[in-house]
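K.L.:
For what it's worth, our numbering labels the leading residue of the sequence shown as 3, then goes sequentially.
Please keep in mind that the hints were generated in silico from the structure rather than gathered at the bench. Cβ coordinates follow ideal geometry from the N, Cα and C atoms, glycine included. Any given hint might turn out to be false.
As the list claims (entries may be wrong) - Okay, derived cross-link-like pairs now, DSSO-like style, lysine-lysine, Cα gap no bigger than 30 Å in a straight line:
1) K91 / K26
2) K17 / K95
3) K247 / K196
4) K17 / K71
5) K71 / K247
6) K153 / K247
7) K196 / K72
8) K95 / K72
9) K247 / K91
10) K196 / K151
11) K166 / K196
12) K91 / K166
13) K151 / K210
14) K151 / K95
15) K151 / K71
16) K71 / K26
17) K196 / K95
18) K153 / K166
19) K153 / K91
20) K196 / K210
21) K153 / K26
22) K210 / K166
23) K26 / K95
24) K91 / K71
25) K153 / K210
26) K151 / K233
27) K233 / K210
28) K196 / K91
29) K247 / K210
30) K72 / K247
31) K196 / K17
32) K95 / K71
Claimed, not checked - Pairwise CB distance ranges (calculated):
33) N171 / A282: 54 to 62 Å
34) E299 / R19: 38 to 46 Å
35) E36 / S144: 50 to 58 Å
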Amino acid sequence: MVNVNVVELRAHGDKIRALLANSKLPAADRPRVEAQIARYEQWIADMDALQLEGDALLFRLVELLNDYKKTVEFDLIFLSPDDFLYRQKGQLKLDNTVLEEFLPRLFDPRLIPGFLRQNGLECGPRASFSGLSFESPLLPLSAGGVYLKVKDQDFSVTRRHRIKITGANNPRDVFEQDFHVSYFATEIKTNLDKTMFQEAAATAGELKRASSGSKYILLCEWLDMTPINTKLTAMDEVIVLRRSKRLASNLRANFSTAAGRRQSSDWYERFLADHPLSQAGFSRLVWHLNECFPAVEHDAEDVVLERGYF
3 MVNVNVVELR AHGDKIRALL ANSKLPAADR PRVEAQIARY EQWIADMDAL QLEGDALLFR
63 LVELLNDYKK TVEFDLIFLS PDDFLYRQKG QLKLDNTVLE EFLPRLFDPR LIPGFLRQNG
123 LECGPRASFS GLSFESPLLP LSAGGVYLKV KDQDFSVTRR HRIKITGANN PRDVFEQDFH
183 VSYFATEIKT NLDKTMFQEA AATAGELKRA SSGSKYILLC EWLDMTPINT KLTAMDEVIV
243 LRRSKRLASN LRANFSTAAG RRQSSDWYER FLADHPLSQA GFSRLVWHLN ECFPAVEHDA
303 EDVVLERGYF
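Let the hints inform the model, and build the full structure from the sequences given.
P.N.:
The following block contains the structure:
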């Protein structure tokens, strides 16, 4: 029996509905937000209705994602007649939660056939095991003598385990705790700068020490740093989904007012159209997932003998 539990998030939908209840939302934006909620519900329904598999499924999912994301970041936020949505978009988390809600759609046996071979996997935001330490010898194991360290990931494929440590000289002194081991972890950034890169590299290092065969993929929409070779880190890869640098600050400064955005709207719409969330970027992520969870065991004897190396 297939037992891969995918947590379907409503991170974006919850943010839009919360916005409608926000007392600071300008009156002119209220009907626009109501219309966006209807578009959101249609987006979810369209994805739920897909009966495709493999590349055809991925292509249509990404196509629907790009269509919907444009309605959020351009039609709703950028074209707003007031400045509230644009200036507060970082706090409101309207546009950057779209990818958070979309990503679980890729953890599907129709895209990752190897999931059919798995049992007990959980896919979703998860605090995963990253280390175990023993504290002061004066502390009982059951009262702080053992510390199990975890790291949060935006999305990961994990399996739950339970650890039990008993003192050899005191069988009644027991530390016992459930935890998750991450075998595939993904972080999502809108604009990836060097500080974020370094933090992700540190997280990847901790996770790899806990599970040496795991994969760590960093996703971003826009690149806001000079690329650094990921071979110098524990990360497996950084995928720039829009294949573009972040807009320069002097250009973004023109967007701070409704008048400035109106003046730049045609240009910005073309810019987004020229740099969509790429099919190739998501294909690369799916490839990594299939490498981590292969449909056929790579190290099976017949497979090794057929290819001639291992």
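K.L.:
Looking back at the numbered hints, which does the structure fail to meet, lowest number first?
P.N.:
Numbers 11, 12, 15, 21, in rising order.
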